[in-house]
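Peer 1: Generate the whole structure from the sequences, applying the supplied hints.
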Amino acid sequence: MIWVHCGDAAATPSTVSLVQRLVDQSDGVEILLTGAMDFLATLTDLPGSVTLQDLPADSPTRARAFLDANEPRSLIWNGGPLRPALLRSVAAAAIPATLINAQVDGIIAGTSRWIPGAAKAAVQAFDLILTADGATATRLRRGGVAPEKVRATGPILEDPIPLTYDANEFTVMVEAMQSRPLWHASHVTGSEVKDMAAAHLAASRKSHRMLLVLTPRDLDSGPEVATTLREAGLKTGLRSDGDDPDMDMQAYVTDLEGEIGLWSRVAPLTFIGGTLNGHGPAASPFEQIILGSAVVHGPHKSPHVARFDRLSSVEASREIRTASELGIAVGSLLSPEQTARMAFAGWEEITKSSDLINGLIEAAITHADTAQGRQR
Numbered sequence: 008m009i010w011v012h013c014g015d016a017a018a019t020p021s022t023v024s025l026v027q028r029l030v031d032q033s034d035g036v037e038i039l040l041t042g043a044m045d046f047l048a049t050l051t052d053l054p055g056s057v058t059l060q061d062l063p064a065d066s067p068t069r070a071r072a073f074l075d076a077n078e079p080r081s082l083i084w085n086g087g088p089l090r091p092a093l094l095r096s097v098a099a100a101a102i103p104a105t106l107i108n109a110q111v112d113g114i115i116a117g118t119s120r121w122i123p124g125a126a127k128a129a130v131q132a133f134d135l136i137l138t139a140d141g142a143t144a145t146r147l148r149r150g151g152v153a154p155e156k157v158r159a160t161g162p163i164l165e166d167p168i169p170l171t172y173d174a175n176e177f178t179v180m181v182e183a184m185q186s187r188p189l190w191h192a193s194h195v196t197g198s199e200v201k202d203m204a205a206a207h208l209a210a211s212r213k214s215h216r217m218l219l220v221l222t223p224r225d226l227d228s229g230p231e232v233a234t235t236l237r238e239a240g241l242k243t244g245l246r247s248d249g250d251d252p253d254m255d256m257q258a259y260v261t262d263l264e265g266e267i268g269l270w271s272r273v274a275p276l277t278f279i280g281g282t283l284n285g286h287g288p289a290a291s292p293f294e295q296i297i298l299g300s301a302v303v304h305g306p307h308k309s310p311h312v313a314r315f316d317r318l319s320s321v322e323a324s325r326e327i328r329t330a331s332e333l334g335i336a337v338g339s340l341l342s343p344e345q346t347a348r349m350a351f352a353g354w355e356e357i358t359k360s361s362d363l364i365n366g367l368i369e370a371a372i373t374h375a376d377t378a379q380g381r382q383r
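Going by the numbering used here, the letters in the sequence shown line up with residues 8 to 383, in that order.
Don't read these hints as lab results, they were simulated from the structure.
Don't take every hint at face value.
Said to hold, decoys possible - Here are the computed distance ranges between Cβ atoms for each label pair: (1) Gly55 x Ala142: 16 to 26 Å; (2) Arg69 x Asp173: 49 to 59 Å; (3) Ala98 x Glu264: 40 to 50 Å.
Quick caveat: nothing in here was measured; it's all calculated off a predicted structure.
All C-beta atoms in this analysis are idealised placements derived from N, C-alpha and C, irrespective of residue type, glycine included.
Peer 2: This is the structure we're talking about:
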C-alpha cells in the first residue's frame with residue numbers, strides 16, 4: 008500500500024493528480040489517501056483501489072494502531088501541518104517518507120516556531136523534503152535537517168492527464184476540416200448557446216470559412232442546441248445524426264460521449280463553457296491546454312479560479328465578458344502563430360512539475376513492490 012496524505016484544501020488538486028498517476032502507473036497497488044474529511048469527502052471520481060481515511064488523533068498509541076492497521080510501504084505527505092507523534096511512528100517503522108510542498112507557514116499547526124522541539128522530530132522523519140520555496144529550504148538546513156535531505160524545487164502542482172481520443176476519428180475529422188479556421192466551444196451551458204452563435208457570426212466577418220464546433224455540457228440537448236443555432240442563421244450539423252462537417256457548414260454540434268479529447272486536439276482555440284454567464288460551474292481549462300488548444304473564457308471561473316489564473320499569468324488564455332468580446336477574441340486569436348504561442352505557454356506552465364512527479368511515483372512504486380517481494 009502507498010500512503011498519500013493531503014495536508015490541506017489547497018493541496019487537493021495536486022494530491023488527486025498524484026494519486027491518479029499512481030493508480031495508472033502501478034500494477035494493482037492499493038492507495039491510502041488521508042486528509043481532512045471535509046474536503047476529501049467531495050472527491051467522487053477516485054478509482055476503486057483508493058481508500059479515503061481521516062488521520063487518527065496525534066498520539067503514539069493511535070499512530071501505531073493506524074500504521075499496524077494499514078501497513079503502508081511508503082508515504083508522500085503533501086503540505087499542510089505535520090503530525091509529530093504519527094511521523095515519529097513512521098520513522099520508527101522505517102517507512103520511506105517524502106514531504107512535498109513544504110512551506111515555513113502552516114507546517115506545524117498551532118505554533119509559530121517551526122524547527123525546535125516536536126517540529127524538528129516530525130521533519131526528521133522524512134527521507135526527502137521538497138520545499139515550495141528557497142526560504143523554507145534555508146530554514147530547514149539551519150535548523151539541523153541534513154542538507155542532502157532538502158531540495159528547493161518550488162511548488163509541485165497538479166499534473167493533468169490528457170483526455171483520450173480515437174486516433175482514426177481524429178484523422179478523419181482533420182481531413183474533413185480541410186484546413187478551415189475553427190474554434191471549439193466546450194461544455195457549453197444551455198444559456199450560452201445563443202451567445203456562441205452571436206460570437207461566431209461576428210468572428211466570421213473576418214473569415215467566412217470559419218467553423219464553430221460546439222460541445223454542449225448536456226449531451227442529450229444536442230438536437231435542441233442544433234435547432235437554436237439554425238434559428239440564429241447558422242447552417243448546422245449534428246454529430247449524433249451522423250452528419251460530417253462539410254465546406255458549407257458553419258456550426259457542428261458534437262454531442263457524442265467522450266469526445267472532448269478529440270475536439271481539443273482538432274481545434275487550436277477553445278472557449279470554456281460555464282464561464283460566460285455563471286450558470287453552472289466552469290469546466291477546467293487544463294483539458295484543452297494539455298492537448299495544445301489555447302483558451303478563451305468568461306469572468307465566472309469557479310471552481311477553477313486557480314487554474315485559470317495560472318494560465319493568465321503566462322498569457323496562455325484570454326478573458327472576455329460578453330458575446331461581442333468573444334467574437335472579437337475568436338477573430339483575432341485564430342492566427343496559427345498566436346494560438347500556438349498561447350498553447351505552448353500554457354503547456355509549459357501546467358507540465359512544469361511533471362519530472363518531479365514522475366520521480367515521486369517511481370520511488371513510491373519501487374518501495375511498494377520491494378515490500379511485496381519481501382512478503383512473498
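Peer 1: Now tell me, hint by hint, if it's right for this structure.
Peer 2: Comparing the hints with the structure gives:
For Gly55 and Ala142, the Cβ-Cβ distance of about 41 Å falls outside the hinted range of 16 to 26 Å, so the restraint is violated. Roughly 50 Å separates the CB atoms of Arg69 and Asp173, a value that falls within the hinted 49 to 59 Å. Range check, Ala98 to Glu264: about 48 Å between beta-carbon atoms, so the 40 to 50 Å window is met.
Hint compliance for this structure: hint 1 alone is broken.
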